[in-house]
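> This is what each chain is made of:
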Amino acid sequence: NAGVTQTPKFRILKIGQSMTLQCAQDMNHNYMYWYRQDPGMGLKLIYYSVGAGITDKGEVPNGYNVSRSTTEDFPLRLELAAPSQTSVYFCASSYGDRHGYTFGSGTRLTVV
Amino acid sequence: AQSVTQPDIHITVSEGASLELRCNYSYGATPYLFWYVQSPGQGLQLLLKYFSGDTLVQGIKGFEAEFKRSQSSFNLRKPSVHWSDAAEYFCAVAPMNYGGSQGNLIFGKGTKLSVKP
Numbered sequence: 146n147a148g149v150t151q152t153p154k155f156r157i158l159k160i161g162q163s164m165t166l167q168c169a170q171d172m173n174h175n176y177m178y179w180y181r182q183d184p185g186m187g188l189k190l191i192y193y194s195v196g197a198g199i200t201d202k203g204e205v206p207n208g209y210n211v212s213r214s215t216t217e218d219f220p221l222r223l224e225l226a227a228p229s230q231t232s233v234y235f236c237a238s239s240y241g242d243r244h245g246y247t248f249g250s251g252t253r254l255t256v257v
Numbered sequence: 006a007q008s009v010t011q012p013d014i015h016i017t018v019s020e021g022a023s024l025e026l027r028c029n030y031s032y033g034a035t036p037y038l039f040w041y042v043q044s045p046g047q048g049l050q051l052l053l054k055y056f057s058g059d060t061l062v063q064g065i066k067g068f069e070a071e072f073k074r075s076q077s078s079f080n081l082r083k084p085s086v087h088w089s090d091a092a093e094y095f096c097a098v099a100p101m102n103y104g105g106s107q108g109n110l111i112f113g114k115g116t117k118l119s120v121k122p
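In order, the protein sequence lines correspond to chains B and R. Remember, our numbering sits 145 above the position in the first sequence when you count from 1. Remember, our numbering sits 5 above the position in the second sequence when you count from 1.
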């Protein structure tokens with residue numbers, strides 16, 4: 146049981162480049178989330194999805210896009226990377242309601 | 006606005022000593038409450054959760070937390086800390102129907118725990 150798998154673990158981007166952070170879960174969770182974590186700031190929600198084909202913005206969506214074509218996958222797209230997007234990105238999934246989240250191990254992204 | 010406050014940024018305790026990490030929330034109704042732990046370079050792991058009922062909840066790794074409605078608090082405790090407990094701890098809250106259209110957890114900024122030998 147792999148849980149939530151994120152790839153890549155590390156990435157360095159140049160300003161203006163684009164990339165997709167991959168997230169896959171094998172627990173048949175309907176709910177999936179993308180957070181970014183910056184030192185001393187806790188976790189901020191970027192986007193979330195309550196099921197395949199349904200996504201919605203979180204607290205800090207600017208500069209990002211998502212899609213959810215299957216229950217298992219929830220990729221996060223960065224267009225025109227900026228230094229402000231340097232962060233650690235976490236994907237999480239949940240059955241919703243009372244179950245809490247299962248987190249992936251994160252992607253550390255540096256934009257230079 | 007909904008918010009979660011963890012007043013202590015960094016706490017250092019001696020191994021074997023007791024631990025209490027504070028968490029206060031600002032919310033109209035009693036939300037769902039969670040504590041997560043993050044070891045360096047890792048994702049977050051759920052320690053425990055509270056929804057209703059008994060206000061003292063037990064979690065993994067010997068942790069417990071007590072919900073106090075009058076203080077809007079959900080403090081995490083451990084009677085005797087081990088060196089392996091050194092990590093960052095996050096309190097989180099969610100609307101009671103967070104699994105639906107509103108759905109997400111709101112996290113505190115975290116408390117980093119250091120353990121002295």
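Derived from the structure by calculation, the hints contain no laboratory data. All residues carry an ideal CB built from backbone N, CA and C; glycine is no exception. There could be a bad hint or two in this list.
[To be verified] From the derived model, a few chain R residues whose C-beta atoms are all more than 10 Å from chain B:
1) R27
2) Q47
3) G48
4) L49
5) D59
6) V62
7) E71
8) R74
9) S89
[Unchecked claim] Here are the computed distance ranges between Cβ atoms for each label pair:
10) R/T60 to B/S214: 20 to 30 Å
11) R/S89 to B/E224: 22 to 32 Å
12) R/P84 to B/Y240: 27 to 37 Å
13) R/Q63 to B/E224: 14 to 24 Å
14) B/Q162 to R/G67: 42 to 52 Å
> Each of the hints needs a verdict: does it hold here or not?
Here's how the hints hold up against the structure:
A cut-off of 10 Å between C-beta atoms confirms that R/R27 is not in contact with chain B; the least separation is 15 Å. Residue placement check: R/Q47 does not keep its beta carbon more than 10 Å from all beta carbons of chain B (closest about 6 Å). With a closest Cβ-Cβ approach of about 4 Å to chain B, R/G48 is found to fall inside the 10 Å limit, against its non-interface label. A beta-carbon of chain B comes within 10 Å of the beta-carbon of R/L49; the shortest separation is about 5 Å.
Distance to chain B confirms R/D59 as a non-interface residue, since its nearest Cβ pair spans about 15 Å, more than 10 Å. Non-interface status of R/V62 relative to chain B is upheld: no Cβ of that chain comes within 10 Å, the nearest being about 12 Å off. Its beta-carbon lying about 18 Å from the closest one in chain B, R/E71 satisfies the requirement of being farther than 10 Å from that chain. No beta-carbon of chain B is positioned within 10 Å of the beta-carbon of R/R74; the least distance is around 18 Å.
Against chain B, the non-interface label of R/S89 holds: every CB pair exceeds 10 Å, the least being about 18 Å. Checked against the given bound of 20 to 30 Å, the beta carbons of R/T60 and B/S214, roughly 43 Å apart, lie outside it. Roughly 41 Å separates the CB atoms of R/S89 and B/E224, a value that falls outside the hinted 22 to 32 Å. Between R/P84 and B/Y240, the C-beta spacing of about 31 Å keeps the proposed range 27 to 37 Å intact.
Distance hint check: the CB atoms of R/Q63 and B/E224 are about 45 Å apart, inconsistent with the given range 14 to 24 Å. At roughly 45 Å, the beta-carbon separation of B/Q162 and R/G67 lies within the given 42 to 52 Å, and the hint holds.
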